[in-house]
Amino acid sequence: MTSLRQFGLAAAFALAALLGSLASASAQDMGALWNTATHAWLAGDRAQAIRTWEQLREAGVRDPDLEYDLGTAYGETGHLGRAVWHFETALSLRPGDEDARMGLDAARTAIGRRLAQRRGEATVLTRPPMGEAMVAPFSERLLAALAVAFDALLFLILVVRRYVRGENARVGLAVAAPLVALLLCADLWGLGVKRGVFEHGATAIVLDDGPLFEGPDPRAQARGDVTEGERARVLGAEADFLHLELGGDRHGWIGKDHIGQL
Amino acid sequence: MVRTRIVSLVCVLWLFATSASAQLSATAVMTASSTQVAVGDPFRLQLEVDVTGGNAHVQPPDLSDFEVVGRDQQQSLEMGQQLQVTTVFSYTLRARRSGRFTIPAAQVQLGSRTIQSNTLVVQVGASGSSQANPSSPPQPAVPMPDDVKPDPWADPGTSVEGLNGARFDGQAFLQTTVDRADPYVGQQVTVTVYLYTRAPLSSAPAITQQPSANRFWTRDLLPQNRALDAHVQRVAGIPFRVYLLLRFAAFPLEPGPLTIGAPEVDVRAGSLFDVFRAPETLHRVGVPVVVNAQPLPEGGPAQGGVVGSYRVESSLDRHQVGTGDAVTLTATVTGFGNLSDVRLELPPIDGLRALAPRVEDDIHADRDRVGGTRRVEWLIVPERPGSYTIPALGFDAFDPEAGTWQRVEAPALHLVAAGNAIAEPPSNSPDAEDATSPPAAEEPIRFRPIHVHSELLRAQAPLSASPAFPYALAAPPCLFALLGLGLLFARRRKEQAAEDPGRAALKAGKKLLDKGRHAAKAGDAKGVYDAASEALLTILGARLGESARGLTLRQVERKLYDLGADEGLARRVVDELESCDFARFSAAGVEPREMEQALKRAAALMVRLGRLTPQGVKP
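As you go down the protein sequences, you meet chains X and Z in turn. Reminder that position 252 of the first sequence reads as 252 in our numbering, one-by-one numbering, no gaps. To convert, take the position in the second sequence, counting from 1, and add 1000; that gives our numbering.
What the hints contain is simulated information worked out from the structure, not anything from laboratory work. Treat the hints loosely; a few may be bogus.
[Claimed, not checked] Partial list, derived from the structure: chain Z residues whose beta carbon lies under 8 Å from chain X:
#	residue
1	G1371
2	L1456
3	L1457
4	A1472
5	L1479
6	L1482
7	V1590
8	E1594
On a predicted model such as this, the values are computed, not experimentally measured, just so you know. From the three backbone atoms N, C-alpha and C, an ideal C-beta is built for every residue, glycine too.
Using the sequences plus the hints, can you model the full thing?
Written as structure tokens, this is what we have:
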């Protein structure tokens, strides 16, 4: 019986060690890839840097620094739609990232300049809708944690108020309760905006210029065109196509490769 | 026999009653199962005469050009405000020779007036040259021999002449019709599905299977919300209610035989007020209908030809513009047909750059004809100064009514551009891997340096999407609610205790007796009798509303009488208190059995005292 227990313990330790080493090896690989990409970029090998950063993304890394670097790399290589997408992703992961915000502004400005040169005039939407702009400085995790905290605080105040004897304390708690309730409502609304509860479909960025088709088929009639960096809503998907809603009440289908979802 | 007499009597009485106000009128309609037949092929001719308000003499049409191989006559009565007599004359005819024959009108004599039916023209081709009826089902109806009358009641599914696109059933059936059987590719075919029922519908029919229309482009022609009205039509002499179920336009996408699939429907027919026949649900399947789409005739473009009647208009929002400024070229195609087939191509013009067009459609159906407007907009940017001609925008369209191709186009437009030539815009290749340098003509974009350190965080699901989040949000209000309920319960208990002191005293007394039982086990006689005495005094105090400890036994007894206790109870309480006092010091009281009995007696008296209702108080 004792030997069986010892064997079990040894096996558990061995498994833990194996998993630990695998995780460590994976982290080391990720770190090595990151260093490779950084060194390639600094050495001027932009293609290698972008490829390596993309490998990290494919491996499941969703890091604001990685998104920022990819945005910068695509922006400097002229792929402004992709740059906008990565900067937007970086800002959603780390709201308030000044570098990403400036990169996004620069990419949007460059798109506007490019469109104006091509069409003679151009209007570029540089700000998200008001609701999204209001909650942009806050991360989803922060809003979710605040929601739980405000919720607990509100009911704690209500409980404490019942047992508090002092008149001043009771008045103070009576004022605090509706204020906290208001904060809770605002926080839940912000969380809803972040999660896209009040909108149809997920937010997406158009990565490249291209035609907008009437149906999910490259042979379908083109309804118009989309411009890199445009914000869109994904209404549906079929085969390799996404059904988009864009500004100006435009609807149509476009290949998945042309769209980056936030 | 008796029933026939009763019906006849009712008819006579009804005729007598309404004869004063009756107005004699009649209609006569002649139809044929086919108007294009071959020599020797039988076909069916039907003359239906409706006479209202009296009798009429019917003179059938002259059928000498045909061989009459069978004839039949059916008559039915219908009583509304006036008596209506419907007589259906059916003839099975066979053409003797080829040619074009006109069947003259039948005549109905109404007193001094004569009503005429319509005439029919029958085209008789050579033997074996007859064409299938456009809307006939895959198995066309076979004319019945004269001596075999269809009995649809006995054999559902019987073919009935003149009824194409349907499988006859005596209770209910579906009919699918098309307005043309050999349309051109791209030409509208109007498909209609009718529901025939003997009994009125008790609820809207549920279409469980829409008619399939593979290799067609389709568009509904009926509004979403509409009333389901019926008209009465006779089939094989039987009156049916006919409901318009579906109607849609179908545009064949390729030549060849194309099938409109069979619809399926669940029908609840019958009246709730019909005591003899309750409403029942019927499932009916229609029959598929084949149309033979014809390829477009020669003379049109190799591909991209459009079918329909259209016109095109084009315009520029400005005719003079600076180089690099965009102008909008708008082309509007209006007409009837499948507008989604219309393609307008703007040919490349040297010096002008055109962006991908924006297309907007406004398609609707006007009197079952699909049409509307397709609007195509191009943004055009002049790259060099000069005068430009935008060629006529148009397309080749085949008009099926005229049977000819025609060029539909808008006149050419002129645009003058002034200013300096602008540089060629950079090509924006989407290939991210290869294009690693910014387009040459663009100003370099300044970004901040890359970040060289990263935590390489993994993708994380949103915190608010985790399963625990809703529970975390719900926990505080739930706890608050539980706390509130607990407080409410405690307050209620307290209030109850205040309202009924006897219950609290009873509880306290029971605790004292429990204490006494422990003392009995330990052999503590004093403890046992003290507990029994104390328990009785506690409940007495609660019942009397004052402490009983300072009272003498006689006072206790008197107060119990005052409270309404009977003599036995008061006496026993006093005796028990007295015996407890005595037993504390007696040798017999030490006996375990005696101690146990004392506790039991005290418990019984406590219960009786607890139930005691004070005088003047209703229990």
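Okay, the hints, checked on the actual structure:
Interface restraint check for Z:G1371: the shortest CB-CB distance to chain X comes to about 18 Å, outside 8 Å, so the restraint is violated. Nearest Cβ of chain X to the Cβ of Z:L1456: about 5 Å, under the 8 Å cut. The hint holds. This hint holds: Z:L1457 has a C-beta 4 Å from the nearest C-beta of chain X, less than the 8 Å allowed. Given hint, Z:A1472 at the interface with chain X, holds; its Cβ is 5 Å from that chain's nearest Cβ, closer than 8 Å.
Evaluation of the Z:L1479 hint against chain X yields a held restraint, the C-beta minimum of about 7 Å falling below 8 Å. Because the smallest distance between the Cβ of Z:L1482 and any Cβ of chain X comes to about 11 Å, over 8 Å, the interface hint for this residue is violated. A hinted interface residue such as Z:V1590 counts as satisfied when its beta carbon comes closer than 8 Å to some beta carbon of chain X; here the least separation is about 53 Å, so the hint is violated. Of the supplied interface hints, the one on Z:E1594 is violated, with its beta-carbon coming no nearer than about 52 Å to a beta-carbon of chain X, more than 8 Å.
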